[in-house]
Amino acid sequence: ETGIPLMRHSIVTEPDRALSEAARLGYPVLVRLTNKYLNPAAGIIYDEAMFRHFLNIDKKPVSKQMPIFIEKFQEGMISIQVLAIGDGQEAIPLAFIENIEEHGVHSGDCASIIPTLSLGDFHKSIAKDALNSIVAHFGIVGHVHMDLAIKGRSVYVTGLWPYPSQNIPFLEKSMRHLINDWNSKLFLGHQAGDLKISQQRNSPDRFYVKESVFPYTFFPDLDPILSPQMRSTGQVLGNECSFGKAYLKSQIAVNPKLPHRDGVFISVRDSEKEACLQIARKLLELGYTIVSTQGTAQFLTERGIKVFTVHKVSGLRPNIIDLIKNGEISLVINIPEGLKSKVDEQVIRRVTIEHNVPLVTTTSGAFLIVRGFEDILKSPFSYKPLEI
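Whatever position you read off the sequence shown (first residue = 1), add 23 for my numbering.
One should not assume that every hint holds.
To be verified - Below, a list of computed lysine-lysine pairs in the DSSO-like style, where the Cα atoms sit at most 27 Å apart: (1) 208 with 196; (2) 348 with 329; (3) 335 with 348; (4) 407 with 280; (5) 280 with 329; (6) 219 with 296; (7) 196 with 407.
Said to hold, decoys possible - Label-pair distances were calculated between CB atoms; the ranges are: (8) 278 with 145: 32 to 40 Å; (9) 350 with 64: 33 to 41 Å; (10) 404 with 99: 41 to 49 Å.
Just so you know, these hints were derived from the structure itself, not from any lab.
Because the structure is a prediction, the values reported are computed rather than measured.
Where is the CB? At the ideal position from N, CA and C, for every residue including glycine.
All chains should be built: construct the whole structure from the sequences, respecting the hints.
Dropping the structure here:
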């Protein structure tokens, strides 16, 4: 109706129709339930059997009062958050925030960076037009949070919420301004154009990275992997003059155990092995030892990377679990095959968390932490107080 670019999707009110609509859209699909109190309330579904299992967990009710939202899912899409304020007719984008993790991970669980690394003027123009259309159509006054998924020159709106985002504190610290000052004026009848929001104030002079804090140590049965279901319970912030060091600061804030030049365990899905090759090469240059199980080790060795091959969890001893427990691994990079993770990988991630070893489960996160290692060798951390 408003011409907003959306992913192919369907809203259904019957379980049987949910299966047929998912098949029509084509797997994988991203599924969200209206009732957020059901567990899980969202998921990426790769086939019909997985969807049936998802619907049967807790016997999820599907009705006109509690419909299911099904969206065609594409892997490898960039996830962007737009935080704005509206006056009922137009909106002022306060910030474009790029999520480090790709589309499909709940934005509240993502590591996020200001300013963005991948967003161009073309993407911003489409986002602003969509934002203004939605604000004018619904007469939204106050906070607006819009999520985007981007691939190449394709920009899709994947969600919009007319209330404050959980990233407002993150935005306020990077902008050094209290957003509710402007928001209150809009509720008192001021127009967006009256606020004279400075573009200079809206452009941070450093890179700011927000990282999420997870309660995995308190829930021993929970697999520490990111998904559409939000699990984080807090946030930390790192700011620096380079995005690599800003990201590294945010990781240290979550886990002060900074990886030393020791073993780095790498295990990735097939589709990420080429990217993993670049990461492994950089780590070797920085003086780290690469440790992998047979599949990843063979791939890297054939391409000239020196790798120490270790047994799988279910293999002979000593295996990767023994190395982690013995303190021989200082960083684990484990990128599973979607959400269909193998039992061995789940055990590795759990032991990694239990022994306070930094864990990275996305390619983008691995690239950034390695970039941080490089940047910190060129110049030490600089420190600047957070001000509002």
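Comparing the hints with the structure gives:
Distance restraint check for residue 208 and residue 196: the Cα-Cα separation of roughly 20 Å lies within the 27 Å cut-off, and the hinted pair is therefore satisfied. Restraint check for residue 348 and residue 329: the C-alpha separation of about 23 Å stays at or below 27 Å, so the hint holds. Straight-line distance between C-alpha atoms of residue 335 and residue 348 comes to about 14 Å, which keeps the hinted pair within the 27 Å bound. Straight-line distance between C-alpha atoms of residue 407 and residue 280 comes to about 22 Å, which keeps the hinted pair within the 27 Å bound.
With a C-alpha separation of about 25 Å, the suggested pairing of residue 280 with residue 329 holds against the 27 Å cut-off. For a cut-off of 27 Å, the pair hint linking residue 219 to residue 296 is broken: about 48 Å separates their Cα positions. Between residue 196 and residue 407, the direct Cα distance comes to roughly 12 Å. Compliance with the 27 Å bound is thereby established for this hinted pair. For residue 278 and residue 145, the hinted distance range of 32 to 40 Å is satisfied, since their beta carbons lie about 37 Å from each other.
At about 38 Å, the beta-carbon gap between residue 350 and residue 64 stays in the expected band of 33 to 41 Å. A hinted range of 41 to 49 Å is violated for the C-beta pair residue 404 and residue 99, which are about 32 Å apart.
The structure shown violates the earlier hints numbered 6, 10.
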